[in-house]
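Protein chains: 2
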Amino acid sequence: MTKKQGILVIADGLGDRPIKSLGDKTPLEYSNTPNMNFMLQKSMVGNVHPVAPGFTVGTDVGHLEIFGCDSKTVYPGRGPIEAISAGFDIQKGDVAFRGNFATIDDNEIVIDRRAGRINENTTELASAINNMTLDDGTKVFVVNLTEHRVAVILRNTNLSKELEGTDPGTACEGSRLVEPYSLDNSEAAKKTAKNLWEFTKKSCEILKNHPYNQARVSQGKHPANVILTRGAGMNKSIPNIAEKFKINAACIAGDITIGGIAKLVGFKYFIKDSFTGGYDTAIEEKGKLALKLINEGYDFVIVHVKATDLSGHDNLPLKKVEIIEKIDSMLGYLVENTDEEKCYITMTSDHSTPCELREHSGEPVPTFIYGSDVRRDNILQSGESFYVRGQLNNLTSRDIFQIQMNLMGFVKKTGA
Amino acid sequence: MTKKQGILVIADGLGDRPIKSLGDKTPLEYSNTPNMNFMLQKSMVGNVHPVAPGFTVGTDVGHLEIFGCDSKTVYPGRGPIEAISAGFDIQKGDVAFRGNFATIDDNEIVIDRRAGRINENTTELASAINNMTLDDGTKVFVVNLTEHRVAVILRNTNLSKELEGTDPGTACEGSRLVEPYSLDNSEAAKKTAKNLWEFTKKSCEILKNHPYNQARVSQGKHPANVILTRGAGMNKSIPNIAEKFKINAACIAGDITIGGIAKLVGFKYFIKDSFTGGYDTAIEEKGKLALKLINEGYDFVIVHVKATDLSGHDNLPLKKVEIIEKIDSMLGYLVENTDEEKCYITMTSDHSTPCELREHSGEPVPTFIYGSDVRRDNILQSGESFYVRGQLNNLTSRDIFQIQMNLMGFVKKTGA
Numbered sequence: 148m149t150k151k152q153g154i155l156v157i158a159d160g161l162g163d164r165p166i167k168s169l170g171d172k173t174p175l176e177y178s179n180t181p182n183m184n185f186m187l188q189k190s191m192v193g194n195v196h197p198v199a200p201g202f203t204v205g206t207d208v209g210h211l212e213i214f215g216c217d218s219k220t221v222y223p224g225r226g227p228i229e230a231i232s233a234g235f236d237i238q239k240g241d242v243a244f245r246g247n248f249a250t251i252d253d254n255e256i257v258i259d260r261r262a263g264r265i266n267e268n269t270t271e272l273a274s275a276i277n278n279m280t281l282d283d284g285t286k287v288f289v290v291n292l293t294e295h296r297v298a299v300i301l302r303n304t305n306l307s308k309e310l311e312g313t314d315p316g317t318a319c320e321g322s323r324l325v326e327p328y329s330l331d332n333s334e335a336a337k338k339t340a341k342n343l344w345e346f347t348k349k350s351c352e353i354l355k356n357h358p359y360n361q362a363r364v365s366q367g368k369h370p371a372n373v374i375l376t377r378g379a380g381m382n383k384s385i386p387n388i389a390e391k392f393k394i395n396a397a398c399i400a401g402d403i404t405i406g407g408i409a410k411l412v413g414f415k416y417f418i419k420d421s422f423t424g425g426y427d428t429a430i431e432e433k434g435k436l437a438l439k440l441i442n443e444g445y446d447f448v449i450v451h452v453k454a455t456d457l458s459g460h461d462n463l464p465l466k467k468v469e470i471i472e473k474i475d476s477m478l479g480y481l482v483e484n485t486d487e488e489k490c491y492i493t494m495t496s497d498h499s500t501p502c503e504l505r506e507h508s509g510e511p512v513p514t515f516i517y518g519s520d521v522r523r524d525n526i527l528q529s530g531e532s533f534y535v536r537g538q539l540n541n542l543t544s545r546d547i548f549q550i551q552m553n554l555m556g557f558v559k560k561t562g563a
Numbered sequence: 148m149t150k151k152q153g154i155l156v157i158a159d160g161l162g163d164r165p166i167k168s169l170g171d172k173t174p175l176e177y178s179n180t181p182n183m184n185f186m187l188q189k190s191m192v193g194n195v196h197p198v199a200p201g202f203t204v205g206t207d208v209g210h211l212e213i214f215g216c217d218s219k220t221v222y223p224g225r226g227p228i229e230a231i232s233a234g235f236d237i238q239k240g241d242v243a244f245r246g247n248f249a250t251i252d253d254n255e256i257v258i259d260r261r262a263g264r265i266n267e268n269t270t271e272l273a274s275a276i277n278n279m280t281l282d283d284g285t286k287v288f289v290v291n292l293t294e295h296r297v298a299v300i301l302r303n304t305n306l307s308k309e310l311e312g313t314d315p316g317t318a319c320e321g322s323r324l325v326e327p328y329s330l331d332n333s334e335a336a337k338k339t340a341k342n343l344w345e346f347t348k349k350s351c352e353i354l355k356n357h358p359y360n361q362a363r364v365s366q367g368k369h370p371a372n373v374i375l376t377r378g379a380g381m382n383k384s385i386p387n388i389a390e391k392f393k394i395n396a397a398c399i400a401g402d403i404t405i406g407g408i409a410k411l412v413g414f415k416y417f418i419k420d421s422f423t424g425g426y427d428t429a430i431e432e433k434g435k436l437a438l439k440l441i442n443e444g445y446d447f448v449i450v451h452v453k454a455t456d457l458s459g460h461d462n463l464p465l466k467k468v469e470i471i472e473k474i475d476s477m478l479g480y481l482v483e484n485t486d487e488e489k490c491y492i493t494m495t496s497d498h499s500t501p502c503e504l505r506e507h508s509g510e511p512v513p514t515f516i517y518g519s520d521v522r523r524d525n526i527l528q529s530g531e532s533f534y535v536r537g538q539l540n541n542l543t544s545r546d547i548f549q550i551q552m553n554l555m556g557f558v559k560k561t562g563a
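Chains as they are written, first to last, in the working numbering: chain V, 148 to 563; chain E, 148 to 563.
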């Protein structure tokens, strides 16, 4: 079987709805996308369901599906995803939480869920409360991630993920720290909840007295005097997709959660300081690195851009248009510098984030696969309402992964 | 998440095939539907499979799917649906049948499957044979429904639904009463068959001598001297969809089976004397009640019209057109009196009932979802052949439920 290469561009949260201020067009329909339009002449297109029609997914579930996994079977919850992203080796039976360094007052009221978006000395603060042994022998690990984010892992036999963590929630600054409780009344969950509370109390003591926090207080900053925890999960076995398809794959992303998921499925992760999860991310440079990796012989190179999603959450349609146009330029660069007979280029997304909704929604995501020999749809404009008529319409993100692998020559025949 | 409201109009049996006398148009294509055509400017459209391509369903299965249930897992058979519709509390292990009051002669030949469409004193007749205890201790309950219809419930341990009832079938007037038999040769089914036969014999004795039946005979009417049974089923747990999605939902229908299914999934059921399952049903009034319920704050209001299905069964294409045009007027009233930014309006059906076939068929059903912010399909005429090009085409009724819930803001994100 002849093998070809593929580049997959993921515009996070790209899908949208008609927006009044854009003349009832979606940001993608409104954008000036000469390179996409050029590519559409030799593309299969469609709006694609992240999982199934009308189901809303998070970035993590959306990417597991884009990378070819059945999230219903393998998604372990966000806690383990974060821990693994940070390089922590989750073991069977571990319960992992995503967490924040936060600030509480003397009455355990959460006054800042992100401790002033703390960005310094979090390694030292995490290490001060890492490796704790609780009264019943449970070990607790704390791994710092970007900014105020951490992962917290409890290790013992007979723990459970069926519990509520200490975080009172996004909309609940001003609420008291939640004393963890079992969600299913099982002994395992009760024990886990008790352990998480013991860890929280003990870590508060240590953090309160930590010199870095005392320095923050004297500088008038919010101290990182508590860890809020949420998103309990236990690891399931996520398949190594790279091994399964025998592909040599690379993922370029500024968002380390995406990088963590890519590593989980066996893809090599590439990040640079200029690749951020923000509006400022160096989109053009990501394209250049993708080309370099293709030229180095990677079979499949993924480029992830988070900023489309941010502009949805921030309800900034014109910002979304601006990011889409930058992605279009990067696509133009890739088309110009690769051979359409040897390398497919796909654009898709993990979910829709309609600006007016400011949240993820269940609509399918605009998708096309470009290459000299794909069956063509003769849809020559880019946008959700045009893509509807394409051959990929109403398929799923996992289908799109499989279709790319098929085109590239990495799908083994079933039967004879 | 911002919540919106939704109205769902179900035109039972709406889907059809090209009909010669309508110039090879379907009734929906032939109808004058200015309000639908107006709505289509801001709609997602498609022909939608009740369950899967080419599968023909009954009204009960079709509605379970429209209400978001997986009928393959939860459908208990028609017997239990009828019993539950009548308010009977089905317990685990009960076997329920749908039944008819019918007329047999002295040789047990069924001479009228509906006992002259008996419509009087059925409460008294049912009550005369209700609460019977059979030789092995099995209890039998008989609940009268509309006209000649009843539900029969057998209660004991170790019963089975794998049996044929006493009804020789629609096309078999002139045949003998069927002695019930096991379909799987199990002891439980044999026992249930024996019980059903004992009940049938004993109830015939009671009915034959009942004063109301003797009066019917003296008036030259067919006596209700037997109960024909069919559609054996046992209850499974039908999910409470209202609780699952945390929606406050209402269903307006003249057909009490639809009302029963709505109640089963946790929707409140509204009926009035003028809401019938017939051609005479007050469609305009149903629309007015729907608007009232929306204004009272229900999240989701369903309006069911049976008459489109009847006209299919009766092979009356122009009658179907007339009903569709009345539904169109009701849609116009709803559009005029609701806010398109706050309330979606969906039209769909439970299955196709092509006039020339006079029966349900497996074709997908015409469907659209209207609202200010849905992705538009720019399909501006109403009818099966136009809807094919829409974004909802080839999805399923359950998908359409999920998509409505997603638009209305009642779908929780999976993942983070």
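No wet-lab data here; the hints were simulated from the structure. Here the structure is a predicted model, which means the values were calculated and not measured. The reader is advised that the hints may include incorrect statements.
For identical chains, the list gives no copy identity; a pair is met inside one copy or between any two copies.
[To be verified] Keeping only pairs whose Cα atoms sit at most 27 angstroms apart, straight-line, the calculated BS3-like set for lysine-lysine is:
#1 Lys219 x Lys393
#2 Lys239 x Lys355
#3 Lys560 x Lys466
#4 Lys435 x Lys286
#5 Lys151 x Lys167
#6 Lys341 x Lys383
#7 Lys559 x Lys219
#8 Lys348 x Lys435
#9 Lys349 x Lys150
#10 Lys355 x Lys150
#11 Lys337 x Lys559
#12 Lys150 x Lys167
#13 Lys383 x Lys150
#14 Lys337 x Lys391
#15 Lys383 x Lys219
#16 Lys189 x Lys415
#17 Lys337 x Lys189
#18 Lys489 x Lys172
#19 Lys489 x Lys167
#20 Lys415 x Lys393
#21 Lys167 x Lys189
Do the hints match the structure? See the list:
{"no.": "1", "hint": "Lys219 x Lys393", "in the structure": "both (23 angstroms within a copy, 22 angstroms between copies)"}
{"no.": "2", "hint": "Lys239 x Lys355", "in the structure": "neither (33 angstroms within a copy, 58 angstroms between copies)"}
{"no.": "3", "hint": "Lys560 x Lys466", "in the structure": "between (44 angstroms within a copy, 24 angstroms between copies)"}
{"no.": "4", "hint": "Lys435 x Lys286", "in the structure": "neither (44 angstroms within a copy, 63 angstroms between copies)"}
{"no.": "5", "hint": "Lys151 x Lys167", "in the structure": "between (42 angstroms within a copy, 18 angstroms between copies)"}
{"no.": "6", "hint": "Lys341 x Lys383", "in the structure": "within (24 angstroms within a copy, 38 angstroms between copies)"}
{"no.": "7", "hint": "Lys559 x Lys219", "in the structure": "both (24 angstroms within a copy, 15 angstroms between copies)"}
{"no.": "8", "hint": "Lys348 x Lys435", "in the structure": "neither (48 angstroms within a copy, 59 angstroms between copies)"}
{"no.": "9", "hint": "Lys349 x Lys150", "in the structure": "neither (56 angstroms within a copy, 41 angstroms between copies)"}
{"no.": "10", "hint": "Lys355 x Lys150", "in the structure": "neither (58 angstroms within a copy, 41 angstroms between copies)"}
{"no.": "11", "hint": "Lys337 x Lys559", "in the structure": "between (47 angstroms within a copy, 26 angstroms between copies)"}
{"no.": "12", "hint": "Lys150 x Lys167", "in the structure": "between (45 angstroms within a copy, 19 angstroms between copies)"}
{"no.": "13", "hint": "Lys383 x Lys150", "in the structure": "neither (32 angstroms within a copy, 34 angstroms between copies)"}
{"no.": "14", "hint": "Lys337 x Lys391", "in the structure": "between (39 angstroms within a copy, 25 angstroms between copies)"}
{"no.": "15", "hint": "Lys383 x Lys219", "in the structure": "both (11 angstroms within a copy, 24 angstroms between copies)"}
{"no.": "16", "hint": "Lys189 x Lys415", "in the structure": "neither (29 angstroms within a copy, 44 angstroms between copies)"}
{"no.": "17", "hint": "Lys337 x Lys189", "in the structure": "neither (57 angstroms within a copy, 51 angstroms between copies)"}
{"no.": "18", "hint": "Lys489 x Lys172", "in the structure": "between (35 angstroms within a copy, 19 angstroms between copies)"}
{"no.": "19", "hint": "Lys489 x Lys167", "in the structure": "between (41 angstroms within a copy, 15 angstroms between copies)"}
{"no.": "20", "hint": "Lys415 x Lys393", "in the structure": "within (13 angstroms within a copy, 42 angstroms between copies)"}
{"no.": "21", "hint": "Lys167 x Lys189", "in the structure": "between (31 angstroms within a copy, 13 angstroms between copies)"}
In summary, the numbered hints that this structure violates are 2, 4, 8, 9, 10, 13, 16 and 17.
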